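Here the protein sequences line up with chains G and Y, keeping their order. In this text, residue positions in the first sequence follow our numbering: the first is 1, and each later residue adds one. In this text, residue positions in the second sequence follow our numbering: the first is 1, and each later residue adds one.
Hints were generated in silico from the structure; no laboratory data involved. From a predicted model like this one, the values you see are computed outputs, not experimental measurements. All C-beta atoms in this analysis are idealised placements derived from N, C-alpha and C, irrespective of residue type, glycine included. It is possible that some hints are incorrect.
[To be verified] Not close to chain G: a few residues of chain Y, all C-beta gaps over 12 Å, as computed:
#: 1; residue: Q87
#: 2; residue: L202
#: 3; residue: D236
#: 4; residue: A241
#: 5; residue: R253
#: 6; residue: R254
#: 7; residue: R268
#: 8; residue: N270
#: 9; residue: A337
#: 10; residue: E343
#: 11; residue: D344
#: 12; residue: Q393
#: 13; residue: D409
#: 14; residue: S418
[To be verified] Distance condition first, Cα-Cα at most 20 Å in a straight line; then the derived SDA-like pairs of lysine to any residue:
#: 15; chain 1: Y; residue 1: K243; chain 2: G; residue 2: P31
#: 16; chain 1: Y; residue 1: K73; chain 2: Y; residue 2: P124
#: 17; chain 1: Y; residue 1: K290; chain 2: G; residue 2: L32
#: 18; chain 1: Y; residue 1: K290; chain 2: G; residue 2: R27
#: 19; chain 1: Y; residue 1: K243; chain 2: Y; residue 2: R255
#: 20; chain 1: Y; residue 1: K446; chain 2: Y; residue 2: L370
#: 21; chain 1: Y; residue 1: K290; chain 2: G; residue 2: L30
#: 22; chain 1: Y; residue 1: K445; chain 2: G; residue 2: G29
#: 23; chain 1: G; residue 1: K2; chain 2: Y; residue 2: H41
#: 24; chain 1: Y; residue 1: K243; chain 2: G; residue 2: L32
#: 25; chain 1: Y; residue 1: K242; chain 2: G; residue 2: L30
#: 26; chain 1: G; residue 1: K2; chain 2: Y; residue 2: K243
#: 27; chain 1: Y; residue 1: K243; chain 2: G; residue 2: W7
#: 28; chain 1: Y; residue 1: K242; chain 2: G; residue 2: V17
#: 29; chain 1: Y; residue 1: K166; chain 2: Y; residue 2: E210
#: 30; chain 1: Y; residue 1: K187; chain 2: G; residue 2: L32
#: 31; chain 1: G; residue 1: K2; chain 2: Y; residue 2: Q40
#: 32; chain 1: Y; residue 1: K290; chain 2: G; residue 2: P31
#: 33; chain 1: Y; residue 1: K242; chain 2: G; residue 2: P31
#: 34; chain 1: G; residue 1: K2; chain 2: Y; residue 2: K292
#: 35; chain 1: Y; residue 1: K290; chain 2: Y; residue 2: D302
#: 36; chain 1: Y; residue 1: K187; chain 2: G; residue 2: G29
#: 37; chain 1: G; residue 1: K2; chain 2: Y; residue 2: K100
#: 38; chain 1: G; residue 1: K2; chain 2: Y; residue 2: D206
#: 39; chain 1: G; residue 1: K2; chain 2: Y; residue 2: R255
#: 40; chain 1: G; residue 1: K2; chain 2: Y; residue 2: P124
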Amino acid sequence: MKIVLRWTVSVVIGLFVGAIIHYSLYRIGLPLQPFIYMSF
Amino acid sequence: MSQSTSPSLAAIETAAPPAAVDSAGHRANPTSPAGERIFQHLIIGNVFLISVLVGFLVCCIIGWVESHQTPFKRFLRFHHWINPQTQFYPTVSQMIETAKLDAQPDQVLVIIGSDSILFGSGQPVRQIWTNHLQELLGPKYKVVVMAYPGAAFADSGAVVAEALLKQNEKVLLVSHLFIGHLNPLDKAAHPHVFWEARARHLLLDDPDREAEVQKAIASFSEPAKKDDAAHKPNADPEQEAKKALAAAAERGRRREMPLGFGLDAALRFNDLWTAVGYRNFFTVWEPLSKDKFYWARKDFPDPERPTPLEARNPPRLYDEHMNLIRQWSMALTRRGADGRWEEDSASRSWTDFEHLSRVAMPAEVRKRTLAVVTYESPFYRRDLTPDETQQQQLGLQGTVRRMNEAGYDCLTVGADFSIEDYFDVIHFAPSGGAKMADTLAPELKKLAKQLGYVSE
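Construct the complete structure from the given sequences, taking the supplied hints into account.
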């Protein structure tokens, strides 16, 4: 039972961290401010 | 980290860390912090690392799927809440899929590109000018608005049109430009669409433009030029420092764009998280949506509203708008020997314009493009002096002629429009938009026939 729990926790947290890394790549590419404040 | 070597939770909690310290105050026999010990107890390292990889790869695969379909439902245009004004950046692949959605195989796709003027700022959903254009063109054509505020002549819709052309679609492009003005690649307000398309190999081969691309990449790495605003005697130092910081961040972002979009072309993070932001929840705070920033963008309606006539040209903006009109033609004309105004053909503004008109897009796209130059509202034009009016006419004529010479089909719109036809100094009210559609529809039909898209 304990090993199942550890596997489950490892997989769930691992998948979540993988998604967060993927999201981070999207997020760091966005400008700090919407362009409208930069251009006008 | 294996099961056999992991201590129990009770053991972790009861194990007191050694208190002994050396002469410098360091613990003599340091143990891991509690958080790390719990992590080691609960997590199987190899399983965790493989799961991270799997999670990342699954996101990439979903991103690839999202880049081959449109998330947008009942799409009309990229309104305020689904365009970069509010930190929402539809990817070029999603724009292309949106343009193709529901198109019949033989239909001519009429892509409306560029800026807020063709986007229909000030025109509510039911009165947007492109509805009238679609009626005039009929079922052989499908009008799709890919414009959004701030986009330039060769941004947004122009990139989408080129990508569709590469996919052998029947395409016409309508795009707006200001008198004698085209943006170089490194000055684009919305650079992401072009760079994203280039990284995904969606564009046609064009050696002249590629030379411009290399120049732009080199310019991104140049040190910042001193901003004149920073030397204004009455400038607020704190505000100027903030501006300088934001400008430096923007320069850095542009420098990293080719690399960033190259990575995105393989990993498709922009497609996935943009689709999530539209359908499920948005993850980026921005000041206009405030406490609703996390709402799915599909839940925000198109906010364009008509403005009463009396509120369209506020007196406080009169001088600013008059200067806007005057500035377009100022550098394009000079007084001739006879004292009359004439085009200053040798000016840097015209030579830059001629160069940019030929490298902005490939010849195959240029000959499918209806370039539109618009007049400003007569509310302001009526106050121009005869000299200024003559300068403006010369600027307009020079722009149209040069664009036609570069291979576009270029015309002007708005010369005979009334004050009521304008929403403000440059944007059309619904009545002006309908008149613009009346002007453009016959030209588009003529162009389609020339290109062999339709027989009549």
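Against the structure, the hints come out as follows:
1. Distance to chain G contradicts Q87 (chain Y) as a non-interface residue, since its nearest Cβ pair spans about 5 Å, not more than 12 Å.
2. Distance check for L202 (chain Y) against chain G: the nearest CB is about 18 Å away, which clears 12 Å, and the non-interface claim stands.
3. No beta-carbon of chain G is positioned within 12 Å of the beta-carbon of D236 (chain Y); the least distance is around 16 Å.
4. The claim that A241 (chain Y) is not at the interface with chain G holds, since no C-beta of that chain comes within 12 Å of its own (minimum 14 Å).
5. Residue placement check: R253 (chain Y) does not keep its beta carbon more than 12 Å from all beta carbons of chain G (closest about 6 Å).
6. With a least beta-carbon separation of about 10 Å from chain G, R254 (chain Y) fails to lie farther than 12 Å from that chain, contradicting its non-interface assignment.
7. Not every CB of chain G is more than 12 Å from the CB of R268 (chain Y) (nearest about 9 Å), against its label as outside the interface.
8. Residue placement check: N270 (chain Y) does not keep its beta carbon more than 12 Å from all beta carbons of chain G (closest about 6 Å).
9. The claim that A337 (chain Y) lies off the interface holds: its Cβ sits roughly 40 Å from the closest Cβ of chain G, which is beyond the 12 Å cut-off.
10. For E343 (chain Y), the condition that its CB be more than 12 Å from all CB atoms of chain G holds, with the nearest at approximately 29 Å.
11. Every C-beta of chain G lies more than 12 Å from that of D344 (chain Y), the closest at about 27 Å, which supports listing it as non-interface.
12. Annotated as non-interface, Q393 (chain Y) keeps its C-beta farther than 12 Å from every C-beta of chain G; the closest such distance is 28 Å.
13. With a cut of 12 Å on Cβ distances, D409 (chain Y) stays outside the contact zone with chain G, its closest approach being about 29 Å.
14. Non-interface status of S418 (chain Y) relative to chain G is upheld: no Cβ of that chain comes within 12 Å, the nearest being about 28 Å off.
15. For the given pair, K243 (chain Y) sits about 14 Å from P31 (chain G) by alpha-carbon distance, which is consistent with the 20 Å threshold.
16. Straight-line distance between C-alpha atoms of K73 (chain Y) and P124 (chain Y) comes to about 18 Å, which keeps the hinted pair within the 20 Å bound.
17. For the suggested pair K290 (chain Y) and L32 (chain G), the alpha carbons sit about 16 Å apart, so the restraint of at most 20 Å is met.
18. At most 20 Å may separate the alpha-carbon atoms for a hinted pair to count; K290 (chain Y) and R27 (chain G) meet this at roughly 18 Å.
19. The straight-line distance between the Cα atoms of K243 (chain Y) and R255 (chain Y) is roughly 18 Å, inside the 20 Å bound, and the hint therefore holds.
20. About 11 Å separates the Cα atoms of K446 (chain Y) and L370 (chain Y), which keeps this hinted pair within 20 Å; it holds.
21. Our distance criterion of 20 Å between C-alpha atoms is met by K290 (chain Y) and L30 (chain G), whose separation comes to about 18 Å.
22. For the suggested pair K445 (chain Y) and G29 (chain G), the alpha carbons sit about 41 Å apart, so the restraint of at most 20 Å is broken.
23. Restraint check: the Cα-Cα separation between K2 (chain G) and H41 (chain Y) comes to about 11 Å, which is no more than 20 Å; the hinted pair holds.
24. Under the criterion of a C-alpha separation no larger than 20 Å, the hint pairing K243 (chain Y) with L32 (chain G) is consistent with the structure, at around 12 Å.
25. Among the hinted pairs, K242 (chain Y) with L30 (chain G) is consistent with the structure: their alpha-carbon atoms are about 18 Å apart, no more than 20 Å.
26. For the hint linking K2 (chain G) to K243 (chain Y), the alpha-carbon distance of about 55 Å lies beyond 20 Å, and the restraint is violated.
27. Restraint check for K243 (chain Y) and W7 (chain G): not satisfied, since their Cα atoms lie roughly 50 Å apart, outside the 20 Å limit.
28. Between the alpha carbons of K242 (chain Y) and V17 (chain G) the distance comes to roughly 33 Å, so the proposed pair goes past 20 Å and is violated.
29. A threshold of 20 Å between alpha carbons decides the hint, and for K166 (chain Y) with E210 (chain Y) the separation of about 17 Å falls inside it, so the pair holds.
30. Restraint check for K187 (chain Y) and L32 (chain G): the C-alpha separation of about 18 Å stays at or below 20 Å, so the hint holds.
31. Between K2 (chain G) and Q40 (chain Y) the alpha-carbon distance is near 14 Å, which keeps this suggested pair within the 20 Å criterion.
32. Restraint check for K290 (chain Y) and P31 (chain G): satisfied, since their Cα atoms lie roughly 17 Å apart, inside the 20 Å limit.
33. The straight-line distance between the Cα atoms of K242 (chain Y) and P31 (chain G) is roughly 15 Å, inside the 20 Å bound, and the hint therefore holds.
34. For the hint pairing K2 (chain G) with K292 (chain Y), the CA-to-CA distance comes to about 42 Å; that exceeds 20 Å, so the pair is violated.
35. A hinted pair counts as satisfied when its Cα atoms are at most 20 Å apart, and K290 (chain Y) with D302 (chain Y) qualifies at roughly 17 Å.
36. Between the alpha carbons of K187 (chain Y) and G29 (chain G) the distance comes to roughly 18 Å, so the proposed pair stays at or under 20 Å and holds.
37. Using a Cα cut-off of 20 Å, the hinted pair K2 (chain G) and K100 (chain Y) is violated, with the two alpha carbons roughly 52 Å apart.
38. For the suggested pair K2 (chain G) and D206 (chain Y), the alpha carbons sit about 62 Å apart, so the restraint of at most 20 Å is broken.
39. Taken as a hint, the K2 (chain G) and R255 (chain Y) pair is broken in the structure, with Cα atoms around 50 Å apart against an allowance of 20 Å.
40. This hinted pair does not check out: K2 (chain G) and P124 (chain Y) have alpha carbons roughly 60 Å apart, beyond 20 Å.
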